[in-house]
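Trainee: Chains as they are written, first to last, in this note's numbering: chain A, 1 to 211; chain B, 1 to 211.
Derived by calculation from the structure, the hints in this document are not laboratory data. Heads up, some of the hints might be wrong.
Claimed, not checked - Covered by chain B, per the in silico footprint, the following chain A stretches (three or more residues, Cβ under 8 Å):
| id | segment |
| --- | --- |
| 1 | 12-18 |
| 2 | 39-47 |
| 3 | 95-105 |
| 4 | 151-159 |
| 5 | 197-205 |
Cβ coordinates follow ideal geometry from the N, Cα and C atoms, glycine included.
There are 2 protein chains.
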Amino acid sequence: MVPSRAARSAPPTTIRRLSTYYRVLGALHAEGRANASSRALAQLTGFTAAQVRRDLTYFGTFGKRGVGYAVAPLRRRLAAILGIDRGWRVALIGVGNLGRALLAYQGFGAQGFTVAAAFDNDPRMVGAAVGGQTVLPVERLARAVREQRIDMVVVTVPAAAAQPVVDRAVAAGVRAVLNFAPAKLQVPDHVELAHVDLAVELEYLAYCLSR
Amino acid sequence: MVPSRAARSAPPTTIRRLSTYYRVLGALHAEGRANASSRALAQLTGFTAAQVRRDLTYFGTFGKRGVGYAVAPLRRRLAAILGIDRGWRVALIGVGNLGRALLAYQGFGAQGFTVAAAFDNDPRMVGAAVGGQTVLPVERLARAVREQRIDMVVVTVPAAAAQPVVDRAVAAGVRAVLNFAPAKLQVPDHVELAHVDLAVELEYLAYCLSR
């Protein structure tokens with residue numbers, strides 16, 4: 001699918017909300033609901049109905065006045081827009097508590113992400129079976145990325161170890177990096193980078209409570 | 001500090017970027033840097049210089065033309081704005097892998113958050129010492145929230161268990177909830193709620209790679 005001009009210009013915050021709509025539509029679909037209004041989607045996601053309509057307008061005309069959105073088709077369309085209707089092969093680097101939590105996270109598999117390899121530097125971890133993966137030493141990263149056709153890496157190593165493992169992954173051909181390490185990473189322009197900072201949301205709540 | 005009119009109207013995305021500026025200013029401060037331009041902050045955070053200036057303008061006039069921002073004072077001011085210059089007492093509910101990863105996360109303590117209690121429903125976990133905390137049964141939540149003067153709870157339980165524990169915490173007087181469970185939670189209006197959906201960023205990368 002070639003994205004429309006509008007789709008190309010949708011801001012990252014809209015894309016992130018699409019993920020949430022997709023999740024909520026999945027729950028509605030599982031309940032056997034055929035249609036849902038923007039108000040219903042707003043209530044389930046916590047965004048406003050106007051926001052829901054504006055976000056979806058970037059990608060076409062989905063809703064019908066008085067009927068709302070058709071749950072199953074909209075969900076399939078969002079999966080296609082998000083690119084989660086195909087398989088993505090992910091390598092996890094760092095199998096500490098957070099890495100293990102992500103390996104155990106049921107959401108990943110359901111959304112088309114397969115963790116195809118896991119790496120750690122700790123000799124006590126190497127060779128262990130974690131979440132269906134035998135943990136490999138980081139030295140094996142380049143070879144595994146090629147052999148396992150890895151698309152993305154999820155980085156859950158300590159801050160100081162993050163840039164060197166990402167450099168290795170990028171050199172081996174990885175095209176996207178999801179960084180959980182509390183470190184700002186450098187990647188070349190052709191590589192996509194996203195960062196989850198676990199403290200940001202806690203600080204946001206502190207801000208709300210302080211006012 | 002009474003927030004200015006402008007501060008009150010700063011959007012959530014600006015507040016979340018303040019957390020990132022705060023982190024980067026901490027690193028610059030540790031390196032002994034006295035001043036930093038908006039361009040330098042942009043480079044270190046990945047936002048644009050215009051964005052940096054616009055975000056900070058919500059809270060006052062900080063920078064000096066040709067000199068940039070004074071690192072230490074701006075950092076202190078951001079800490080005050082974010083409300084992380086005082087202590088916040090946090091309870092963790094759910095000490096599986098993700099909960100343990102958060103307990104071990106060094107960032108929390110440094111930013112004024114003290115994990116003062118940890119809870120789990122699993123009888124094998126109750127009584128265990130995890131990250132300096134003795135894990136308590138969830139039945140003890142209300143009493144611990146009062147006795148330990150808990151301000152916020154961090155929820156890292158499975159989706160189905162999330163709403164009941166949050167109801168318990170809210171009834172006991174907790175004012176903010178940070179939810180990591182893949183579930184949409186309901187809280188009363190006077191309680192602040194933030195949600196970290198670990199799949200959203202992975203899906204955002206899938207979207208970027210699909211285009």
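Trainee: Confirm or reject each hint.
Mentor: How the hints compare with the structure:
Interface restraint, the segment 12-18 of chain A with chain B: holds (5 residues with C-beta to C-beta distance below 8 Å; minimum three). Remark: the segment 39-47 of chain A is confirmed as covered by chain B, as 3 of its residues place a Cβ nearer than 8 Å to a Cβ of that chain, reaching the required three. Proximity of the segment 95-105 of chain A to chain B, defined as three or more residues with a beta carbon under 8 Å from a beta carbon of that chain, is established by the 8 residues found. Given a C-beta distance limit of less than 8 Å, the hint that chain B covers the segment 151-159 of chain A holds, as 3 residues qualify and 3 suffice.
Counting residues of the segment 197-205 of chain A whose CB lies closer than 8 Å to any CB of chain B gives 9, which reaches the minimum of 3, so the coverage claim holds.
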